[in-house]
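**Student:** Each protein sequence line maps, in turn, to chains A and B. When we follow numbering that gives the first Met the number 0, the leftmost residue of the first sequence carries the number 0, and every step to the right adds one. When we follow numbering that gives the first Met the number 0, the leftmost residue of the second sequence carries the number 0, and every step to the right adds one.
Watch out, some of these pointers could steer you wrong.
Stated by the list, open to error - Label pairs and their calculated CB-CB ranges: (1) Thr427/A with Leu74/B: 46 to 56 Å; (2) Leu12/B with Phe431/A: 57 to 67 Å; (3) Gly372/A with Phe92/B: 37 to 47 Å; (4) Thr151/A with Ile31/B: 17 to 27 Å.
Since the hints were made in silico from the structure, they are not lab data. The beta-carbon is built from N, C-alpha and C at its ideal position, and this holds for glycine as well.
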Amino acid sequence: MIVPPDGLVLGGIAPALTLLVAAATALILGTVRADARQGGAVALLGLAAAAVFAVRNLVDPGAHGATFGVQWVVDGASAGLAVAILVGTFLAVLLSWDAPVARVGDRPEFHPLLLLAATGGIAMVHAGDFVVLLLGLEILSLSVYALSAWRTGVREGEEAGMKYFLLGAFASAILIYGVALTYGATGAFDFASIGAALAAGAPGPLALLGGAFVLVGLGFKVSFAPFHQWAPDVYTGAPTPVTAFMSVVVKVAAFGALLRVASEAWPATVPSLDLMLAILVALTLVVGNLGALLQSGAKRMLGYSAVAHAGYLGLAVLAAGQGLASPTTVVWYLLAYTFMNLGAFAVTHLVMHDDPQGDRIEAWQGLGARKPGLAIAMTLFLFSLAGFPPLAGFFGKALAVRAAFDAGWSSLAVLALLAAVVAVVYYTRFVFAMWFARAPRAIEVAPSDAARWAVGLAAAGTVAMGLFPDVWYALVEGAGAALALVP
Amino acid sequence: MFEPVPPSYWVALSAALFAAGAVGVLTRRSAILVFLSVELMLNAANLSLVAFANRWADAGAAVAMSGQTVVFVVLAIAAAEVAVGLGILVAIFRDRASTDVDVLSEVRS
Numbered sequence: 000m001i002v003p004p005d006g007l008v009l010g011g012i013a014p015a016l017t018l019l020v021a022a023a024t025a026l027i028l029g030t031v032r033a034d035a036r037q038g039g040a041v042a043l044l045g046l047a048a049a050a051v052f053a054v055r056n057l058v059d060p061g062a063h064g065a066t067f068g069v070q071w072v073v074d075g076a077s078a079g080l081a082v083a084i085l086v087g088t089f090l091a092v093l094l095s096w097d098a099p100v101a102r103v104g105d106r107p108e109f110h111p112l113l114l115l116a117a118t119g120g121i122a123m124v125h126a127g128d129f130v131v132l133l134l135g136l137e138i139l140s141l142s143v144y145a146l147s148a149w150r151t152g153v154r155e156g157e158e159a160g161m162k163y164f165l166l167g168a169f170a171s172a173i174l175i176y177g178v179a180l181t182y183g184a185t186g187a188f189d190f191a192s193i194g195a196a197l198a199a200g201a202p203g204p205l206a207l208l209g210g211a212f213v214l215v216g217l218g219f220k221v222s223f224a225p226f227h228q229w230a231p232d233v234y235t236g237a238p239t240p241v242t243a244f245m246s247v248v249v250k251v252a253a254f255g256a257l258l259r260v261a262s263e264a265w266p267a268t269v270p271s272l273d274l275m276l277a278i279l280v281a282l283t284l285v286v287g288n289l290g291a292l293l294q295s296g297a298k299r300m301l302g303y304s305a306v307a308h309a310g311y312l313g314l315a316v317l318a319a320g321q322g323l324a325s326p327t328t329v330v331w332y333l334l335a336y337t338f339m340n341l342g343a344f345a346v347t348h349l350v351m352h353d354d355p356q357g358d359r360i361e362a363w364q365g366l367g368a369r370k371p372g373l374a375i376a377m378t379l380f381l382f383s384l385a386g387f388p389p390l391a392g393f394f395g396k397a398l399a400v401r402a403a404f405d406a407g408w409s410s411l412a413v414l415a416l417l418a419a420v421v422a423v424v425y426y427t428r429f430v431f432a433m434w435f436a437r438a439p440r441a442i443e444v445a446p447s448d449a450a451r452w453a454v455g456l457a458a459a460g461t462v463a464m465g466l467f468p469d470v471w472y473a474l475v476e477g478a479g480a481a482l483a484l485v486p
Numbered sequence: 000m001f002e003p004v005p006p007s008y009w010v011a012l013s014a015a016l017f018a019a020g021a022v023g024v025l026t027r028r029s030a031i032l033v034f035l036s037v038e039l040m041l042n043a044a045n046l047s048l049v050a051f052a053n054r055w056a057d058a059g060a061a062v063a064m065s066g067q068t069v070v071f072v073v074l075a076i077a078a079a080e081v082a083v084g085l086g087i088l089v090a091i092f093r094d095r096a097s098t099d100v101d102v103l104s105e106v107r108s
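Isolated chain B (complex conformation) (with noise of 0.2 Å):
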């Protein structure tokens, strides 16, 4: 039999899934990788909410399932930014046929 992996070690997981995404977003130079980046740090949060419903699974079923349920909320959060955001790169693309970040700094006066 295997010993169940202590919750605490989901969160480690989820820490360092967080933090890589936020270096990905610091660093990249593509706004789609920008974007799949933010993407980790959402799912990251998905993956944290989920070991604490189970950290909290003594303290009665309606905490722990409300971490359960959050992570359904995240996760159509997380789906209607991918429909606006690749709509308006689609638009920039289709007038510039590039997606580099650097290239987004005519604003600067």
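Isolated chain A, as found in the complex (with noise of 0.2 Å):
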């Protein structure tokens, strides 16, 4: 390992630096030919490599301390987050990797941008201190902007952009004043000190208002209601390669900050966060799978979904902020939403095929008798994303509420439950319209071989993380550990 004289411990920034130099070498490579499937391979074998080293550090964190100081921390928690977004990420490339055909990624800064934006997640989830955090989220969160505004003369793809980037540089800001309020109360930016100075003694009107500022402004990033109104217009005009990648990657990122600053920046004695959270779960819960309930469009029934989703990841992140609840949880509902989310949005970009209209539930009808392959696939998503055993969205659901209970919010992990039930239908419905209903036309998918294998390896992942959940929960929690469901 090098170590440079000040002690600087360069592997646990590896991945995050591995990434930076793939995405400069395919932007130069770019200059001189402007080819995206050389920009997209240049993404594979960056990402590769970076997730050699974030895995190094998920299996050997101790071994490689905080770097920086206390500012880049690498822990169990920080490193899976980290092999998701790669995981995520690679998916992403792979999905837009027959780019001509779905007109994105025909330009050489496409598979840079996403290599950016991951990094910024990576940075994020390592964060140590709000500093590293607000750079982090800027750099994933203007590559996304950009990528979000891709489909430059089309409409719905600029008004997306636009929307996104406008909404975000407001949450951005909030979240800017509640960090600087915070050093006013506690003259501190990492974690670790602000919650040690939180906790010295009654915080004052500053430390609450700074973190309700910052509470917003992630939620604003997670998708909490009452901050969620981006999503669904965002997911549903952005192109569904950038979609699959944003619902995904930034979720991961900006939920591993919010699980960093609610566990070590919010201590168990400031209850009134807490409990400020709570009441966005709870919303969040709500908004998510009724507005789910009434969407026609894959894309935005996702989006919603997403939302819904984000209540769950929610309530996880609740308990483990409050230390009754392993950080574990977090991390293996976000691999596994990684999984089947992209997976299926995966699926709605093959049978959309370049139709702005055709990810309408009419689109899908009798998709399993014409390309069984591919229904089958969105059945497994979908189902996971509805909680069913054993595929990997139940135990994500399940340990979510667990930790719920665990740290004595009974009524929220109900109301959870009862969402969980609200959701099956909306995520039926698009299961039946493929299997029962007849298809009105000959159905047309997008010819890409690279995107059937992003489905398959998205099936692939729902399946196997659901037969064998121990596997990634041992992983990030230390060996020997087992997933547990009943106390």
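Bring the two chains, given one by one in their own frames, into a single complex with the hints.
**Tutor:** Quick look at the structure:
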């Protein structure tokens, strides 16, 4: 291992550095020869190399320690979330591989932007203070703003980019102001010192206001209700591979940051911040699930479903932030979510086949008879998102609900269980359309083998995590730990 | 001789700036003005960071300087946001010669 003289250990930041180098390489090569596949190939190589470093951090987190003093934290949770980000980016690159077909990625900047966004996300999940968190958040967000406005000349695409940018910048400004207030109250930017200062005495209004602003700013990014309105609009307007990417990577990064802030910067002696988070979670569970009921397009439905899942993840963060549940619950859920949600968007991408209206429920009718492979994969993803055992989504939701019970939020846990019943309705609508409705026309799907590989890999991940839930849990939590749904 | 202005006045001014910016974001129609309001909010945060750094001056150089240093980070963030945001704005304006955010409602189904 390379250890520079001042004791900076490069092992911890190696995944982010590798992605940065890959992004720069792809950009420079893109100026020589404008070929999207060349950028994609560099991206896949860079992601694979970064994954090696991230898995190394995951298996052996203590050996690399906290780099940059305390500001870049390498532990099981952060390394696990970095792996989830890399997996999501890898699948998104596969999905956009045959770019000219889908009219995304036909310019050489596309894949470098994906890599830069992933770099920002990795910085966010490793952040040990608000400065690294803010920088990571902006690197991630600015790349995704540009990606979501990729289809210039397509009104929906431009509107998605504009909306996401204005609301995202607004949220960032609120978050930064919250950080400034927190500094005013505690004199610190790193989470450990903030937590110690808040635990030392009764926190004043300045600290509480700062915490509330930070919660609102991050709440925008993870799409908590009532700050969720951008999510369905942007998910619909952005190109589908970009939607697939942002729906998982932005969520993993923002929840990673929220988990770290809630568990380290907000001590258990400050219950009002936990109460605020609990109210947001309850609203999110209700709004996300009821909103999804009303949608007839797959992308919008999945947009509201992403809001609903933010509610379950919020439950897990709430319990983990109080120290009453393991952070591994959140990490486990986020990798499962990466596989199933990205898979669902990948199938949608194939079925839409460049038709902006091609995700409506009519377009899914008869898919089971015409394209059984795709229909089986989509059924798996939707059932997993709905939480049917033995798929990955079941364990995710079960772990989150159990964490809420453990932490004493019984009413929220019951609400989450009720919401899960509602969720079955809107997911199975699409499953019924695929298998039990006649196809009104011949079904053309996008001719992309790479995107099919993305679907296959995501399906394999969804099933494998459901069948062997202990493997990932033990990797993140530490050797010998086993996932237990009942105490 | 003038008395120095106490830090709390600066914090109050920054809160007023932040509130003005937030109101601007929520009420303005033009995307450019919405964006300018966001910049106002970011600079409110900067002002309060400097004011708080003054307040923590007795706590040692490391604590006081960290607040002033973060101001530069926020400035860099704001500049990067301008670059990307104006790029998106120009792309849209080219297409429809308007930056009215109320026109941006077609995505809703």
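**Student:** Compare the structure with each hint and give your call.
**Tutor:** Hint check results:
1. Between threonine 427/A and leucine 74/B the CB atoms are about 51 Å apart, so this pair conforms to the stated range of 46 to 56 Å.
2. Roughly 59 Å separates the CB atoms of leucine 12/B and phenylalanine 431/A, a value that falls within the hinted 57 to 67 Å.
3. Roughly 44 Å separates the CB atoms of glycine 372/A and phenylalanine 92/B, a value that falls within the hinted 37 to 47 Å.
4. Distance hint check: the CB atoms of threonine 151/A and isoleucine 31/B are about 19 Å apart, consistent with the given range 17 to 27 Å.
Against the hints set out earlier in the document, no violation occurs for any number.
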